[in-house]
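Residue numbers (the numbering used here), protein chains in the order written: chain A, 32 to 133; chain B, 1108 to 1330.
Treat the hints as calculated values from the structure; they're not laboratory data. One thing to keep in mind: the hints can contain errors.
To be verified - Covered stretches of chain A (in silico footprint by chain B; criterion: 3 or more residues with CB under 8 Å from a CB of chain B, positions within the stretch not fixed):
| # | segment |
| --- | --- |
| 1 | 36–43 |
| 2 | 66–77 |
As the list claims (entries may be wrong) - Below, in silico cross-link-like pairs of lysine to aspartate or glutamate (EDC-like), each with a Cα-Cα straight-line distance of 16 Å or less:
| # | chain 1 | residue 1 | chain 2 | residue 2 |
| --- | --- | --- | --- | --- |
| 3 | B | K1277 | A | E66 |
| 4 | B | K1218 | B | D1190 |
| 5 | B | K1194 | A | D56 |
What the hints assert, rightly or not - Label-pair ranges, simulated between beta-carbon atoms:
| # | chain 1 | residue 1 | chain 2 | residue 2 | range |
| --- | --- | --- | --- | --- | --- |
| 6 | B | D1190 | A | V114 | 28 to 38 Å |
| 7 | B | P1220 | A | V132 | 52 to 62 Å |
| 8 | A | L60 | B | A1198 | 20 to 30 Å |
| 9 | B | A1212 | A | G126 | 30 to 40 Å |
| 10 | B | A1198 | A | A130 | 48 to 58 Å |
| 11 | A | P61 | B | D1190 | 15 to 25 Å |
| 12 | B | P1297 | A | V64 | 25 to 35 Å |
| 13 | A | F129 | B | Q1217 | 42 to 52 Å |
Predicted model only: the values in this text are computed from it and were never measured. Built from N, CA and C at the ideal position, the CB exists for glycine as well.
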Amino acid sequence: MPVTAVLILAAGTFAIRFAGPLLRDRVTLPERVRELMSASATVLLLALVAVSALTNGKQFGGWALAAGVAVGGLAAWRKLPFVAVIVLAAVTTAGLRFAGVA
Amino acid sequence: MLLRDVAAVALGAAVTGASFGAISVGSGLPWWMPVLMSLVIFAGGSQFMAVGIVAAGGSPAAAVLAGLVLNARHLPFGLAIGDVLGKSPLARIVGSHLLIDESTAFAMAQKDPARARAAYWACGVALFFSWNTGVLVGALVGQAIGDPMTFGLDAAFPAALLALTLPALKDAATRNAALVGAAIALATTPFLPAGVPVLLALAGLFAFRTTKKKEEPCPSQQS
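Input sequences plus hints: build the corresponding full structure.
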């Protein structure tokens, strides 16, 4: 993660945030565009979840990894605290690997 | 009442921030990198996204692009609540940096403009401090723990993202688009450079239909 990339993302994010209050009097986004922007965030996040839960960047990432994420997802769905979600996922995967599951 | 709600959200942000700090360090970044990101980007989802793409071997360009698309949702937020920031240039500049999901939600929950402004700033400032403190603590702890923690850490990262995404998946149209997108990303992962499949998932938006129909059970996800 180069510092340049961080700064570009920061500047772009600030521009997006600053544009709203600035353009407020002149621009009205169509309902459809607003919905798409909101949905695109979820689409990207779930895609990253799927890729990082099920692959190692090229092929299937192994059952230990997939099972750990599944346990974490289940915990999140059951509304467990965020820390519990993360710890359960990591412990499950680490435990399965320790037990010899790839 | 408002302060209590803000305190609860700020505590949650601190915990999420600590996870981000620890996970980032675990993925191989120096401790100050997640700290710098949190100060200057201050948008948790895109920070997780960028670190995740780079950790998976993706290019920084793909990470920046995905982060920006993710943060594009702040534009309609700003259009919706712009006056809440205040009129002076300084208030607009500082206030813009504090424009996040939570501060927007708090401001929009208030009917009275003065209270909306108070809620926005209280939430924004509180979260800025709690989020960044959390990230710093998480990064330092993650660095101290080192290797043992990294053993299952590749599972912690997608689990954290999934927890952040779950509430938005209740909406059927969003869920359908996200599932199609995830399938596209999975199917193209073996053939494309890391980071690109996640961006390609945006094609799932073609499946985004907001026509109100009755809720279907969540279809099972297949690659």
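48 to 58 Å as the expected CB spacing between A130 of chain A and A1198 of chain B, which holds or is violated: Roughly 56 Å apart at Cβ, these two residues keep to the hinted range, so it holds.
Three residues or more, CB to CB closer than 8 Å: is that satisfied between the segment 36–43 of chain A and chain B? holds (count 7)
For the hint 30 to 40 Å, verify it against the beta carbon of A1212 of chain B and that of G126 of chain A. holds, 37 Å
Pair hint outcome, K1277 of chain B versus E66 of chain A [Cα-Cα no greater than 16 Å]: The given pair, whose Cα atoms are some 15 Å apart, holds under the 16 Å limit.
Pair hint K1194 of chain B and D56 of chain A, alpha-carbon separation not exceeding 16 Å: holds, 13 Å
Do L60 of chain A and A1198 of chain B keep their Cβ atoms within the hinted range of 20 to 30 Å? Distance hint for L60 of chain A, A1198 of chain B holds at roughly 23 Å.
Distance restraint between K1218 of chain B and D1190 of chain B, which requires alpha-carbon spacing of 16 Å or less: Satisfied, since the Cα-Cα distance of roughly 13 Å is no more than 16 Å.
Take the C-beta atom of F129 of chain A and the C-beta atom of Q1217 of chain B, compute their distance, and say whether it sits inside 42 to 52 Å. holds, 51 Å
Given a hint of 28 to 38 Å, does the C-beta separation of D1190 of chain B and V114 of chain A actually sit inside it? 37 Å Cβ-Cβ, so the 28 to 38 Å window holds.
Kindly confirm whether 52 to 62 Å is satisfied by the beta carbon distance between P1220 of chain B and V132 of chain A. Holds: the Cβ-Cβ distance is about 57 Å, inside 52 to 62 Å.
Just tell me: holds or violated, for the beta carbon distance of P61 of chain A and D1190 of chain B against 15 to 25 Å? holds, 21 Å
Verdict for P1297 of chain B, V64 of chain A (Cβ pair) under range 25 to 35 Å: Holds - the Cβ-Cβ distance for P1297 of chain B and V64 of chain A, about 33 Å, lies within 25 to 35 Å.
Of the numbered hints stated above, none is contradicted by the structure.
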